[in-house]
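Colleague: So the protein sequences, as listed, match chains A and B.
Note that our numbering gives residue 40 to position 40 of the first sequence, counting from 1, and the numbers run on in steps of one.
Note that our numbering gives residue 49 to position 49 of the second sequence, counting from 1, and the numbers run on in steps of one.
It is worth saying that the hints were derived from the structure and are not from the lab.
Among the hints, a few may not be true.
Partial list, derived from the structure: chain A residues whose beta carbon lies under 8 Å from chain B [claimed, not checked]:
| id | residue |
| --- | --- |
| 1 | K2 |
| 2 | S16 |
| 3 | M17 |
| 4 | V43 |
| 5 | L54 |
Glycine is no exception: its CB is placed at the ideal position from the N, C-alpha and C atoms.
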Amino acid sequence: MKKRGRIQRQLIVFSSMAGSASDLARGLWKGGGSRRWIAPLAVFLCLTGAILVLAAGVEALAPFIYAIF
Amino acid sequence: MKILGISAHYHDSAAALVVDGLPVAAVQEERLSRRKNDAAFPLQAIEWCLEAGGIEAEDLDAVVFYERPMLKFDRILTTALRAWPQGRGAFTHAMKNSLGEKIWVRGLIQAHLGVSRKKILFTEHHQSHAAAAFLTAPTTEAAILTTDGVGEWATLTVGRGRRTPGGATAIELLREVRWPHSLGMLYSTFTAYLGFAVNEGEYKVMGLASYGAPRFAEQVRKTIRRTADGAFSLDLGYFEFHTTVARSYSQTFVDAFGPPRAAWDPIDLTTEAGQRYADIAASVQLVLEEVLIDLTAALHRETGLSDLCLGGGVALNGVANARILRESGFERLFVPPAPGDAGCALGAALYADRVHFGNPDRAFPDHPFWGPSLEAGELARIADEDGLAVETLGEAELIARTAADLAAGRILGWMDGASELGPRALGHRSILAAPHSAQTRDRLNRDIKYREEFRPFAPVVPVEQAGAYFELPPGGAGLARFMSGVFPVKPQWRSALAAVTHVDGTARLQALPREMAPRLYDLLVAYGTLTGVPVLLNTSFNLAGEPIVNRVVEGYSTFRRCGIDVLVAGSERVAKRVWTPAEAAGMEIEA
């Protein structure tokens, strides 16, 4: 298997997140009224996850994570 | 078509490579990483599978993950929010646990394997279980029942499968029971209550159950109500696994069953507390069996089929499996060697091949040996460095010498060919011993396996001879080929098979067809010729808390660290000492 550096791997994971998060939001939205209200929260959590993944991969960004929260 | 199946992130991660409809390689990550129940993304297992198949990641036509992580995240999120505000601790834990890596599986596969996005597929968790159970079984049409702790939302599914040799395959899951109502979680909650590790100690509950009487069965039945449609629902007042990570049972549960056992408390069956634990284990085992029998009997009436395939972690419960075979109405019951999540890697790959891509059905080899093989000469090299003499023997002499070792009461590490997929040693990575004396069992527990004395050992017997020693119902030998059923030892043989007869007179036997493991089969025959009883004690080749050995070096390390007398790897044999001719001729058989 082709070995990639940690930063490169995390950037690939990061670039795939929009599609995965939109799949989740779409699924929740299609789930009907009782579940639609979770969709914005799910998207927010996915964005948080994206930031965490990026921060874990690109260490130079880590100090700025505190500023976001 | 080359398809890689992956299971990961919860317990027992694994990878499996299917080429042109047949498995080429499948292995659990724990066997390579040497971390028991390793749940990490199985990079080592993937690398080994690709190497064994002689291909690069870019040659793959598809990579299939065994469940839908986003659907699982949906369930975790919904469950955590439903439990708000008392479940806020669980919410924080779940988010920390999921957001970092577990839900970004597509990106993770892309990052590690470099395959394009469109090659990455997902099956549903119970579809993977169903495929692992049905597509590996020697049947063309069967009812299917899968049951475990939880997948995405489903905890139990029923359905049916049909395959035409060389033609199309259909797997249809008809109904499901959804989280948090789960047979697996019911059993796991009692496992935790009894002080054992969840996802690992369920075997111990089953073993302990034989020492008890089901005097708490009525209380257990109150925790799981039967519903009008024939399914069940848990009374959530007894449970907390869906609201907190701290513990899985509630104060109501403790009020009903008494104080829980602490993990470090020894189980002394001569005390009132010890007997209470055994009685509770017997009670939950009984209720689990009742529910499964009702479900499978209804499935039999509905489908009218003669074969049933069982998948999911609950299918490791051999006592329940044997009752299902006897009482559900199905004539044959098939449980794969890895019915848990590890087997889902293979199930997902097979599901994608047969159902998603619509490739023609292929007859599946009926054995569990898809892991790494032994390297010839490895034992000689390692033992030589350690100062022990290794003998390389011809096949006939090796079998004769090994049978003589066993007949003389020696305990043997046995490594042969490729390792097994799944939690059981089925003849290629086993510790073997004479099955006759209770002292052998005690020695194994004390000096080799370092485990609780109430846990039984399993026998292995040539399939043609199984009926002579064990009470097998019709279809029992088939179920027992992967050690998936617990059956009574015939009363007249119980004292002669004391090391493998559990306290209730049963044994979880392996009825071995020669074509599955010819060398072990020949060893059984040779041992039978020497002693008159072609049965051996067969337990997994590992020490407590370690995965089953994989390579020769791990087998040798285990051999050196415990009381195993002789190690055989392929055609090489090494012993810890040289026995005198008188000792060598000494037979310690009580049969």
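Colleague: So, for every hint listed, does it hold in this structure?
Modeller: Hint check:
For K2 of chain A, the interface hint holds, since its Cβ comes within 8 Å of a Cβ in chain B; the closest pair sits about 5 Å apart. With its C-beta approaching chain B no nearer than about 3 Å, S16 of chain A sits inside the 8 Å limit, and its interface hint holds. A cut of 8 Å between beta carbons decides the hint on M17 of chain A: the least distance to chain B is about 6 Å, and the hint holds. The closest approach between the C-beta of V43 of chain A and any C-beta of chain B is roughly 11 Å, which is over the 8 Å cut-off, so the hint fails.
The criterion of a C-beta within 8 Å of any C-beta in chain B is not met by L54 of chain A, whose closest approach is roughly 11 Å, and the hint is violated.
Of the numbered hints listed earlier, those contradicted by the structure are 4, 5.
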